[in-house]
Structure formats: structure tokens, C-alpha cells
Amino acid sequence: MANRITLNMITQRSIEEGVAMEKGKTTPEYFEACSIIEMHDDDVKALGLVPNQLVRVTSECGNVVVKTVKGRQSLYPGLAFIPQGVWANQVVPPRTQATGEPQYSGFPVTVEPVNGEKRKSALELVQGAVGMWRGDQ
Amino acid sequence: MPKKVENVGCPYCGVCCDDLVVTVSDDGKQILEVENACAIGNQIFHHATGSERIRLPRLRQPDGTYKDISYEEAVDYAAKVLYNAKKPLIYGFGSTNCEGMAAAAKVAEKAGAVLDNCASICHGSSFLAIFDNGYPSCTLGETKNRADVIVYWGANPAHAHPRHMSRYSIFPRGFFTGKGHMSRKIIVIDPRHTDTAQVADIYLQVKQGHDYELFDAFRAVVRGHEIPDVVAGIKREQIVEVANILKKARFGTIFYGMGLCHSDGRNHNVDIAISLTRDLNDYTKWTIMAMRGHYNITGPGAVWSWQYGYPYCLDLTKKDIAHMNPGETSSIDLAMRDEVDAFINIGTDAGAHFPIDAVKHLRKHPWITIDPNINMASEISDLHIPVGIVGVEVPGIVYRMDNVPIQYRKVIDPPEGVISDEELFERIYRRLSELEADEAVKEHAKAAPEGVRAGE
Amino acid sequence: MKTVTLTLTNPPKLLLEGQNITPDNFAGKNTAEIATLDLWEGKQKIPLGKHFTVAGDGGATAAETKIVLRGDCTRVKRIGQQMTAGEIVIEGNADMYIGGWMQGGKIHVKGNVDSFCGIGMEGGELIVDGNAGCHLGSSPRGEWRGMKGGLIRVAGNVGSDTATFINGGTIIIGGDADIHVSTHGEGGTVVIKGDAKGRVGGQMVKGDIYVYGTIENPLPGFSMVGEVEQEVDGETALFAHHIGDLGERHPVSRGKTVYANLYTRL
Amino acid sequence: MSELIIRNGFVFDPLQGIRGDRMDIGIKDGKIVETSTLSAPRTIDAAGMTVMAGGVDIHSHVVGPKVNVGRLFRPEDKLFKSPHKSPTCSRMEMGSSVPSTFKTGYDYARMGYVFVNEAAMPPLHSPHVHEEIRDTPIIDNAAMPVFGNNWFTLEYLKNNEIENNAAYTAWLLRATRGFGIKVVNPGGSEAWGWGLNCVHIHDPVPYFDIAPAEIVKGLIETNEFLGLPHSVHLHCNNLGNPGNYTDTLDSLRLAEGYAPKNDFGRKQVMHVTHLQFHAYGGDSWGNVGARSKDIMDYVNAHDNITVDMGQVTLDETTTMTADGPFEHHLRAQNNLKWANVDVELETAAGVVPYIYSPKVKANTIQWAVGLELALLAKDPMRIFLTTDHPNAGPFTRYPRVIAWLMSRAARDATMKTFKWLDRTIDATSIDGIDRELDLYEIAQMTRAGPARALGLTHMYGGLAPGMDADVAVYALNPGDMPSDPAAIENAFSRCALLVKDGVVTVRDGEVVTEPAKRTIWVDVKVPENTQVQRDIYEHFLRHYSVKLDNYSLFEEHLHNSRVIEVDTTQ
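Residue numbers (my numbering), protein chains in the order written: chain A, 82 to 218; chain B, 87 to 542; chain C, 21 to 286; chain D, 7 to 576.
This is chain A alone, in the form it adopts within the complex (with noise of 0.2 Å):
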């Protein structure tokens, strides 16, 4: 069992992010839909995660602590996906190849399981990044 493994992260929308996303970004429904990762089963027993464990994916530019959980579209061994979203944008390396477009598909990250952290909130992640998170209010 590895301490952590080195996938290749894509981000897509999911109809789930669709709905939440509509319904408000601050909401539950948008934190359960796009704080999560999925991957295949062998790269999950690789780290010996059980459901529901969190993990913290790292990036070329950065990490987050997002939820395993076991998709319905399935993956090949050594693909992750994370939903669109703020979560995802956390770890998308900025660079676009000239063309304007991020790397929202196809970079290197490394994923480890965490103890005793939590997944931190859309708002937390965004305001905390540009220095204007005062805490929950």
C-alpha cells in the first residue's frame, strides 16, 4: 500500500455541480457535488482508502482536501476526476499553451489520504486564497 500516488487529474462538469451550482454556490448541495474525487478502484485499494475517506490532491500549483467517493462513469487505472468547480480550481495548473485555455485537463497530481482534516468550504477557499476570509461568520 502506497503512502501516495501520482494520477492524471481531468475536470469536467457534472450534471450534479449543473444543479447545485444554479442553486447557489455557498449551499451543502454544491459542497457534496464538487468536493470530491473519483478514480478507479485499483488506484483506491492502491492507497487503501475506504469510502468517504478524504484525501489532499496536490498539484503543480497547489492542493485540496476533497472526498473519494465511487463514481457511476468510470475511470481507467491511473485517471481522476474532480467536478468543475471551486475545489478543482485549487490544484487546475494556469498555464494555457498560448491559447487562453487552463489546464482543466490531463496535469500530474499526487494523491494522499489526510487525518484529521477537513474539506474547507467554497467560501473559505476562494476569499482564504485572496486574503479576505474572516472566519465562519
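Be aware that a few hints might be false.
Per the computed footprint, the stretches of chain A lying under chain B, defined by three or more beta-carbons under 8 Å from a beta-carbon of chain B, are [stated by the list, open to error]: (1) 105 to 114; (2) 131 to 138; (3) 179 to 185.
Worth flagging that the hints you see were computed from the coordinates, not collected in a lab.
What you are looking at is a predicted structure, and each value in this text was computed from that prediction instead of being measured.
Even for Gly, the Cβ is constructed at its ideal location relative to N, Cα and C.
Here the structure of chain A is known, so what remains is to put chains B, C and D in place on it, guided by the hints.
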């Protein structure tokens, strides 16, 4: 008596369903029921009247809180930010009407701003490919009436465009496709076995980031050449089988999505898809279409093209000529290169949808959000200006993913006092004109005695 | 040859657009006149002298004018754009579009450059001692008539999209190249002395590419046809010869189909 | 409102038969008036200059989806090619062969034009067309919906149901706020839905079991049944191919036996557009030759036909047409980027950049063919100056085309640049034509003629009292015409003065004001037709991808409407 409004357009995705029936309460203030919409569209209408809305612009205070201000003050603030910046960026427009986009362009031209829309992080790759290779396409009704082979490549309509398959591609019975699903072959190509792949006759699990190689293999096979045993994770036999289906189709459409636009090579993945479509037209009829995301994200590309000849990433800072080069004049690159010194986020949520590094760069400077709702961008802004929700409270023209204009209706009034994007930008334009006139007077007085600046 | 030395003493807050910094624009002008040429920072037009200290006068013609840039020009774009003759030496880094649409003369950058350098090039020489970004020697957006002539030499690595739509001229990369080399090419030569990541020669009609190192992801549309000895950049070596892109259209000349050539060093 | 008097110009008004007389033109409240009715007019001195009505363009692609594709997909048509914004105009002017809406309006005005007919509107896209019309300053616009491949039209005409087709046509004109019946490659663009074409007028349309000839005849009958201001406006089958002149003659003959029926002074039943593209002999680009004479012999002898030139200007441009199969064919010739838009139940469109070069024999022959058509014409009231903008060249080249028409020396100077001059001369008759048109004939070809063909002589094309006060003044003295053709070109490029709707809009070649422009459309009253209503309902229910109620243009998206009413129920 509650009133039913029919033929309502849905302000969610590029499918632009225009068959919604919305039931509005007696007093015209509550949306009671929405028929025909998908789960997401439903949510938009119900959210409009079912939650607390922002009714006044809010200005950030030194203590970090927001304070309500008047529209007049907000317009003045926005105009001054635009006026004083050396290179302001106005970005968004995923969720507004074309009238608002035209008004915003007038502002950007007057202010000398960069004008960009969400395509910049979405189907901008498609524009780059269209610039280089064209776009053999059709309207969605053509696909419905004629297509017997459908390809979804790097697109997942089951999640992103929920009614796409039932309205236009897989399930509907059209003029020459009376058997609906039975008369069509569905091919899905994606690294994930998506919910869309569930309805495919053939699913190819392409190795992520290697779509270009797979397209190249298809093209080589279509021209009768040999290819390696395995390309991008797909066996040669399967590639040959699919290539034959493509060639033998009566009418085919390739729908592609972010899987091509967001991965390595970006525009080139789309570009070679266009090349394949061109090739196939030597044998039969093939078309290709970008699965544009928001209901009117095709709109700014249309409006700004007729106004300036460029669909996005317009650098209007010279005020007398427009320049476009994504990679330079694109929002993310401008942010990461620290090239802009003011940011207006309109009808989108850059706070949530930009990589966080880009958000950090932009937040070094004034940030204004124009949006009906609270979102991540509004919560880190200096100023948040609420506007009416297009398609619910504000009518107007929107462009569907196939560039067909759809006339959207108004279902209910916006909250009292809340104005439209178009009116807001018209007011900012007038304020900018006033500021410019003031400056012209000052400059005139100043310039006369100083003479030429040679040798400075 | 007369030399004008520009020293960036007052760096811009955001960036500078320096399309006026060419021998063509400096020729026939004295120090004071050069200092009044326009630079742009966003919507603001600024005289060159506000950011640069200017020393020396321009020559009578562009060909007789040399420009030396000192100071950190990492945020100065478009130096040498559309120049037809003369010489520019940039002592350190420079930003985008260096040597863009260049027709003649020589630019030597001693540091790194960003994207879109040598874009739409027709002639002359662009030498970069460091690395270059994306779209080196590429064509502008939508333009199918890409690089037509001239020489670009980058000692270090380059980003993606080198030589897109190349039609003529030569590009020599000392280091590695990111994805997409000579995409849609219809002529010209690209030499990569290091490794190439992939998509080398995609949708290519005509032209030559040499790769000395490895190609991480070769395209299925290229097929090996033999081994050849070739002289490249002054040295002779043995190469595997591939033709392609077999997925793309190709012209027929004297009854024979003309392909693009990809040579990988053996 | 203000009064104006334009004094002492040499007036050319073919609608009134005025041939360069020195006259004053009175203007009051936006209309031409007798000068005697003016009380205190502002005077504009036009002494020594040429005065004409504002120009009228019968066929140009200036607004709508395929024009916009042309703009969108050609950034290289702007880079280093756009002018800097004029300080007297309100908006930037971007683009070259496919200008922005703003540049389109400004440049037409600078040339002294006031009315431009958009040559092809896909009905499904009419809200788009009207949005662009809104953003095209100064000039008035109309737009013709395309009918030649429309499923309703094909079905009605197959069964020879002219009345039903007329009812549908009236409905569609109103739904799209359209102006008249445009026919592009009849049947061929529907066949293109399957990757096929109808090259000849008797080729059957797949499934619909009707031939182009029947479509054209049926639409002529429909048009005259309704009595529309304009006639059927036809883009023939087999555009742009060597040897196509026989197909063109076949198409022209379809008008035989039909006479115009309308209250608008229109004399033709068929307008054949961009004739240059349809007048080629030979059977390959190797032996292609001009057949202008055969075509013009026919046109000259049949006065129920009008035509326009589609003159090749030898520029890099952007081709765009509802003739989808043609554009597919063209992209295989030049291998450049290709956009295609098939529109459900209605039409198709393609867009491909193209470079007309004096070094290419086919192109220089095309250049000669266009000029021959005009120079062999007996009646300049029936042949109009166009470049099928931007297909054969941008409209901004009209002044150069005028110079070629007015000056043998101008033609000779251009021919000197041809790489294949001898072969061009061999394949054409241009070198044997000395005719030079005069200003009266130019006024016929650029205002009076097109206005009459469009059925708009009560508003445009002339200077009689009661007509719109649209007046162009050019710095040309008819008694002392410049020997240098470039001077003619310059004078027509930048008019000395344009009055639009009574407002001084251009002065010394610069736009000085941007008066409100208008949208011209035709509203036809027909008896209620329940079958057609039902057919419309059915097709929208089953085959369109938009709802019927969202298809017709909403009133709020029609800008500055100027309706022409036609009542067939009387």
C-alpha cells in the same frame, strides 16, 4: 389565477430548449411550476423567486463588509475604475443577452478595455481551430432530420447538456429519421465511461490527452493507409471498424466538448476533428459541432464578430483598432502575466471557474462583479452590481450552440429597482462619456502651453 | 553602422509594447527624436524616453542602424516587429512577438523570449540564446501563409506550436520542443536537436523536420520508408526517414505524391 | 425640420431622364421637393460636380450568419489590414474583405450609397440578420429570405400549388421581415443535405422529386401572383464552373412567357444575379473562355429579365453563398479553410477565402467576363454594378469597377498586370471592346436601374420631388472628366457630399453624422389559408428545432421598420 407562459427559452445550457412552460403566480411575483426543463433549468427558474435576491449594488467597506449603494453610485464607481485603469479587463457574458453584449462592447471600446468571454476558458480552442481550418457544420434540426451516425467525442451531454440527446441527436424522430434511435448509430469516444457512453453502440476509451493521435489514425485509415496496432489505447481493428461506419454514413455529426478543448494541444484536437470532417465529405455528408456550454455563450462570439471581426479576447485598448491573439489577449494569460489592472466579471463566476492562481493575480486590482446572484466572484469583489436574470426577468436574443438565434421571453419582472445588463452598460457608457468630456476640457487647457514633448 | 543603446531605466507597471523599436523606425533619427517615439502601456501612449535612456543616433538607413537594449526587457513586447534590415541586440530577456513579421536584418536575444516570437517571419535572422515560448516561427491566428523565410535559432527549449503552417525558412532548436511541431506545415525546415514531446508533423503537407533525440509520442500518420544520410546544420548524420502525415492531403508532382519528411537520428 | 438646397450641380437622374443638366435640388423634411417650396434653405454649392441619387445596391452580402462566419473565421482579414478609427465616426472599423457592420455602413455612405439589399437571409436566422442591420449605421437595408431549397416551397411547387406557396411566402416574408424571393442554386442546396448537388436545371432534387426548373418557374408564378415589389432573384445552378453558360441560358429561358404584375413599376420577372459566375465556356479551367456574348445576346433581347455583374476585382476576398455544394467544391480547389452551415428545412451556406490574382489565368478571364457583360449590355437600366460582395471582391471596389467601365485606359492598365494576358485576350473579347460608359449610364447601373428592379423607385434611385432626400455629390465635372482613371475611382470612393434622408451625412469623404437607418420589408396580405397554416404547424411540431412561436421575429427585434404593403385580397 396563475398564468402559464409558453415557449419559454431556458437560460442554462447551449441546447437552448425553447419549449418550457412556466407557471407564474397571480401577482406575477412567484414562479410556481416549470414544465419540460431539465433538473438544472428547473433550478434556475425556481431560484429566481425562491430565494433572497440582492436588490441594490453593494460596495466593499474598509472592514471587509458590503454596504448597499445606489445604482448611480455603482455606475460612477465602475466608470471610474474603467477610466483610470491602464488596461481593464471585462470578462464573462456566459449568462446575458446579446443586447447586453453589444452595450458592453460600446463601453469597452470607449474605455479602452480588453473584452473577453467565457469561451476563453471553454470553447476558445474551437475558435482557434475554426480560424485555422473552418467549420463544416449545420443546425441541430439538420442532425435531427437526417443523421444516421452520431459521434460524441470528449463530450458528456448526459451531464452538461441534459436534453441534447433527446431533442436533437439520438432519440428524436426527424423527417428522414422516422425510427428515431433505431435508425442511428451512436459512437462515444471519451477517457471516462460516461453516462453518455451508456447509450452508445460503440464506445472507445481513448487515452486521455491523446485524441489527436486517434484522429490522425482515423484520417490515415479513411485514406487507405496502414496504422500501428494500437493508437491512443484503441486497437487498430476497432479504429478501422469505426472509420468504415463514418465513411458509410448517410449524414453524420461529430459533437465534441471540453475533452478536446481542455487537454494537451487544445485547438489542435478540434482542428484535426475538423480535418476529419472535411475528409469525410469527400465520401458522404458529415458535419461537426462544438457543444457550447452556456445558453448564450455563442452570443458574444456572434455580436463581437459583426462589431469587430473577432469573437473573443478583444484588446480594444488602442480605442481605434482592435487586436486579438489568445495566448496574449486571453483573460487567463493576461491575469497570469499581470497585464491588467482592473477586472469586471459579468454574467459568470471567475471566482469559482478560474484556476485559483489566476484569481489571486486579478484580485491585486479593483474587481467588480455584475451578476443577479451571489457567487464566488461577488464575494471577493470591491463592488457587486445585481442585474435581472436574462430569460427569466429580461428578454432578448441568444444564440444556440449551432449559432441559431433564439428569442427569449420574460416570464416575471425583476425585483423592484433591479436593472438589466444592457441598461447598466448604457449607463456606464454615458458616465464614461462624461468623464472623457471633463478630461478633454482639462487636457485642452494643459496641452496648449506645453507644446511638443520632444526630447523629454 | 551606428548604434543606439536603449537602457530600460524606468520599468513599466504592467507591460510595454515596443513595435517602434526597430532599425527602420530609428533610421535617420537622432537621440532626441528616438526618445519621442511612441510606446504603449495598455491604453496609454508614452514616449520611449520615459522608460528608456537613449544614447546614440540612428544610422541613415535601417541597414546602417544597430539597436542595443539593456536592462530587464522581460515585459517589453514586439521589439523588432516587421523590421526589414539592421541589427538588434537584446542583452537579457524579452517578451512576446520579438522579430514578429520580420523581413530582414538580425536580432540577437541573449536571454529568454516569450511566445509568438518570429511569428509570420519572412526573412532575416532571429537568434535566441535562452529558451523561447510557444508559437515560435508560427503563423498568426487564421493565417495559412505561415513563416516564409529566414532563420530562427533557439539554443534552449521551446514551448508548443513551433512552426505552425510553416511555408519556408529554417528553425533550429538546440534543446527540446513541446508538442506540435510544423502542424499544417507546407514547406520549410525545423531541426530539433533535443527531444520532441509529440505531435510532430501533424496535418503536415510538405516540408522537413529533423529530430535528434526521441519523440515521446510519435504520430500514427507517419511511416518509416528507409534510412538516409543527411547534412544538417553543418554536420552529417544517419537518419530514419519517415513520410507523412498520411492522414493529410498531399500534392502530386510529376506523377509522384509529395509527402512531408520526418527524419529521426539513428 | 431643416431645408437644404444643392445648387448648380450636374444632375444625372435616369428615372426622370435628366442627363447632366445644371440644376438645383431642393430638400425639405427628408424628402426631395420643388426648390420653389423652400423658404430659407441652407445652401450647398455643387458647381462643377456630379449630382446623383443615393446609390442602391441590389445584391450584397452584408449582414447575417454566413457574413458573420466570414468575419469570425478570418482574423487574418483584419491583421494589419484594418483602418484606424475615423475621429468623426462613433465606432471602430475592422475588417477588409468582410468588414464589420460599422465599417460596412460607413464605407457605403462614403461611396454615396444609401440602400443595400442583403442578398440571402436564411429564414431561421432572421433575428440575427436584424440584429446586424441594427448595428449597420446610416444605410437602409432589406434582406431577402431564401426559398429555392425550402421544404414548404419544394412540396407546394411539386404539386403545382401556387396559391399555397404564395400564402406560405407571404407568411415567411412577414415572419422574417423579409423583402423578396431569393433563390440560390434551386434544389442543389437541399441535395447538399446529402452531399449531392443539382448541376443542371432538370436534375431531380433527391426525395422531393422536383427539378430546379420547376422550382424557378413556380416561384416566378408565386411572385407575380403576389405582385411583390421585387421579382424572383435567382442565383443559377452550376455556379462557377467552366461550360456553365448553357445552364445559365436554360435558366434565363425559364422566364419566357411571364410578364410582370405589380404596382411598383418593376418591369422584370426574373433578376439573375452575379452573372459573371455563370457565363463560362469550355469544359475545364484549362480551356475556359468567356461566353458573355451569348448570355448578353439573350438578355438584351428579353426585357423581362434584369441582371447584375458580380465583377471580379482581383483581390483577396472571402466567398460566401447559400450554394453549399459550390463552396465545398471550391475548398477542394484551393485547400483553404471551409465553413459550412446547413439550415434545417430551408437552405445551406458555405464560406471559403479566395484570392483572385492577376497571375492566374482563370481569374483574369473572370475579370474580363464581368466587364464584357456590362459593356455588351444594350440597356444599362437592366444590368447593375455588383461584385456579389464579398464573393467576387469587396464592395469597396465599386469605384474601381466604375473606372474600368468608364475608361478603356483603366482596363488596359489593369490588363498590363496579367501574367497570362495573351491567353486571357484569346479566351475573351474584352480587348476588342472600346466602349466607355458615361455618368448617365453609371447612374443607371448604380441607382435608377436597381431601384426600379427592386420596385423601390417611389423612394430610392432618383431625385424627383416626393422621393427620399438621398443625394450623392461627386467631385467630377462631366464636361471635364479626368484623363487619369484613378481620379474617377477616387471621386466615387469618397463622395464630396452625401445627404441621407435630408441629413448631411458625408462631407468631403468623411462621415460626419450617423442618421437613423431603416429596415425595409414587405408585408403581403393574403386570404387565410388553413392548409398552409396546418402545414406550418406540422413542420414546426415535427421537424424544426425551434418552436413556431419563437420563430417569427418579435416586434422588438425589428429596428426602424419601413414596411411596404401589398394586398392581394383586393
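Report holds or violated for chain B covering the stretch 179 to 185 of chain A, Cβ cut-off 8 Å, minimum 3 residues. holds (count 7)
Just to make sure I understand the rule, a stretch counts as covered if three or more of its residues have a C-beta closer than 8 Å to a C-beta of the chain. Does the stretch 131 to 138 of chain A meet that for chain B? Per the Cβ count (0), the hint is violated.
Count the residues of the stretch 105 to 114 of chain A with a beta-carbon closer than 8 Å to any beta-carbon of chain B: does the count reach three? holds (count 3)
When each numbered hint is compared with the structure, a violation occurs for hint 2 only.
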